[in-house]
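Colleague: If you're matching positions, the sequence shown starts at 604 in the working numbering and goes up one per residue.
Simulated from the structure, these hints should not be mistaken for lab results. Predicted model only: the values in this text are computed from it and were never measured. Keep in mind that the hints are not guaranteed to be accurate.
EDC-like, lysine to aspartate or glutamate: derived pairs with alpha carbons at most 20 Å apart [unchecked claim]:
#: 1; residue 1: LYS1005; residue 2: ASP1068
#: 2; residue 1: LYS718; residue 2: GLU657
#: 3; residue 1: LYS682; residue 2: ASP731
#: 4; residue 1: LYS1070; residue 2: GLU1080
#: 5; residue 1: LYS1005; residue 2: ASP1062
#: 6; residue 1: LYS975; residue 2: ASP1062
#: 7; residue 1: LYS696; residue 2: ASP678
#: 8; residue 1: LYS746; residue 2: ASP700
#: 9; residue 1: LYS682; residue 2: GLU657
#: 10; residue 1: LYS746; residue 2: ASP697
#: 11; residue 1: LYS975; residue 2: ASP1031
#: 12; residue 1: LYS882; residue 2: ASP700
#: 13; residue 1: LYS1093; residue 2: ASP1026
#: 14; residue 1: LYS849; residue 2: GLU926
Okay, the calculated beta carbon distance ranges per label pair [said to hold, decoys possible]:
#: 15; residue 1: ALA1108; residue 2: LYS882; range: 51 to 59 Å
#: 16; residue 1: GLY919; residue 2: ALA828; range: 12 to 20 Å
#: 17; residue 1: ARG639; residue 2: PRO751; range: 49 to 57 Å
#: 18; residue 1: HIS1001; residue 2: ARG1047; range: 41 to 49 Å
#: 19; residue 1: PRO728; residue 2: GLY869; range: 51 to 59 Å
#: 20; residue 1: GLY895; residue 2: ALA609; range: 57 to 65 Å
Here a beta-carbon is modelled for each residue, glycine too, at the ideal position from N, C-alpha and C.
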Amino acid sequence: MEADMALTPERILALRAAADALAAAGHGQKGEIAARQAALLGCDVKTLYRQIGEAGFAAQRKRRSDAGRLSVSRDEVMKLMAAKIAAQRANGKDNMDVGNAAQLARANGLAALGKVDKDSGEVVPVSDATLTRAIRHYQLDLKTLRAPAPHRGPKSLHPNHVWQVDASVCVLFYLDTGGLGVMEHDEFYKNKPENFQKKAKAMVIRYVCTDHYTGAVHFRYYLGAESGEMLCNFFIDCMQPKEHEKDPFQGVPLIVVVDPGSANKGALFSNMCRLLGVKVIVHRPKNPRAKGSVEKHNDLIERGFESTLVGIKVEGLEQLNAEASVWRRWFNGTRKHSRHGHTRYGLWQTIRQEQLRLAPVPAVCRALMLGKTTSRQVRGDMAVEFDNKLYTVAHLEHLRVKQPVTVARNPYRPDAILLIEQDEHRRDVHFVCPEVAMNAAGFREDAPVWGEEFKAFADTPAVRDLKAMEQMAYGVEGKLAVDAARRAHKPIFGGLDISSHLDAATPASYMPRPGTDMGVQTPLSAGKVGSELARPPMVAVEARRLNLVQLASRLAGAMPGEWSPACYEQIAEWHPDGAAEDEVGAIAARLRSFMARPRLVAVGGA
């Protein structure tokens, strides 16, 4: 059969005749001609077209009138893919095929996913292959959707600006009494978790720190499970000066970037960084690009250093770290970084003095892990007490006497403490508070001397606010003017109507209530005339004197709606020393008459 299909010269001539016949076919005749020619050549129509093409003759099938056009809209495909994506597992496995998703969409009226039959006018579901082509056409397939999002890597400004720290379990290695071992895959991973647990305590943890600006890398190995204490010990080791002269890497960074592991967010590491003035940035989960530098160096260490360990017998952790130090110095000192073209230590050496923050000794750093912060109250002499010593806060003008503050040991200065506050973004702000020098007699060295000088602290916010409110109330400037206004009993805000709001809040009238006669016997009720009544001796009663402020208050109550600052000025002129209480009515009448008089107004003329 295959020999009959071979492109012999005779068959090529027959194919040429078939191609010419197809090319000359009229509308609607090509299918019939193709079937007839295929029968003559002893093949099917598909093979006929293929062999015509192989022979070099152009006899293409007629292109469908709707070729290249999709009968499924983008919105329908979006709904179809929404169902598929929602059915994905957490690991990204695609659980729902296109056919199932299409059936769900049609059954629930989400999308028709069909085309109109020209003969019957009915909507006919399109095939799964058509849906797959539509998904790719609209670029809604999972491969396209899972493409990495655009990203822009941040930059650091100088050495020790940003460090990145990461811990990795070296699953290929463990250390026990027999030295460094290699975990065979079949032994430790093939349905044998108990074998893995046997070596869990001997697992080797690799901690890696990279300086983002230079790419300088520091790493050490530890035994056991990852913990906050282990992370702190490694971070302290990174910050301390190194013993070898060819290893200059040291100092306290401004920022450290870690992953969201429990040890990295624990109290030990957070406390130490807080008191050292290091900002901890925990990147969001499933975003390894945030620590791209340290992730890349993990790979370089695995391939460049750990791969060579098969050539030696490692007896213990100390030997492993010693070998790592040798490789680290060689790598940082000789290998050029692809980004900046320098060796890592070569560029790190450009760090300036103000950028290199020298770390406290390891013992102090470990004490900071406990995060010992203490609440204290600002004393009257603008100082706080810490560890039986006084530290001044007078330079912090926003503090007030008796204000509670949080203080801690200063890891960089033994003669000062840190006063810790938080800004509006809940970020720590550190203020350095130096120790107050004391003389042999227990007095402050900066205290004023009796009879020689006077030193006053700057006004606290509370004192400044109090002065401002007093001056506002009396409408004057300065403490002397406020005191003078008080002595003169000047009313605040030029005089206030202190009773009109009370009248408005009181009911307009009350219903009179009937009472009961108590039946008390008096001389009049006993039938005696007035001349027979016993008269008590006459007693002179003097009316109570009202001072100027009291008189003004009574007059304001007696003249609701009429009282004004001008009334007060007139009363002060008539009665500067006040008046008797029984004169209030007469003074009120006089004041109304006076205020109602027409006033002379000067009118300019030609």
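Colleague: Taking the hints in turn, state whether each one holds.
Modeller: Now the hints, each set against the structure:
| no. | hint | in the structure |
| --- | --- | --- |
| 1 | LYS1005 / ASP1068 | holds (16 Å) |
| 2 | LYS718 / GLU657 | violated (35 Å) |
| 3 | LYS682 / ASP731 | holds (15 Å) |
| 4 | LYS1070 / GLU1080 | holds (9 Å) |
| 5 | LYS1005 / ASP1062 | holds (14 Å) |
| 6 | LYS975 / ASP1062 | violated (31 Å) |
| 7 | LYS696 / ASP678 | violated (24 Å) |
| 8 | LYS746 / ASP700 | holds (14 Å) |
| 9 | LYS682 / GLU657 | violated (44 Å) |
| 10 | LYS746 / ASP697 | holds (11 Å) |
| 11 | LYS975 / ASP1031 | holds (15 Å) |
| 12 | LYS882 / ASP700 | violated (47 Å) |
| 13 | LYS1093 / ASP1026 | violated (43 Å) |
| 14 | LYS849 / GLU926 | holds (15 Å) |
| 15 | ALA1108 / LYS882: 51 to 59 Å | holds (57 Å) |
| 16 | GLY919 / ALA828: 12 to 20 Å | holds (19 Å) |
| 17 | ARG639 / PRO751: 49 to 57 Å | holds (56 Å) |
| 18 | HIS1001 / ARG1047: 41 to 49 Å | violated (22 Å) |
| 19 | PRO728 / GLY869: 51 to 59 Å | holds (57 Å) |
| 20 | GLY895 / ALA609: 57 to 65 Å | holds (60 Å) |
Consistency with the previously given hints fails for numbers 2, 6, 7, 9, 12, 13 and 18, ordered from lowest to highest.
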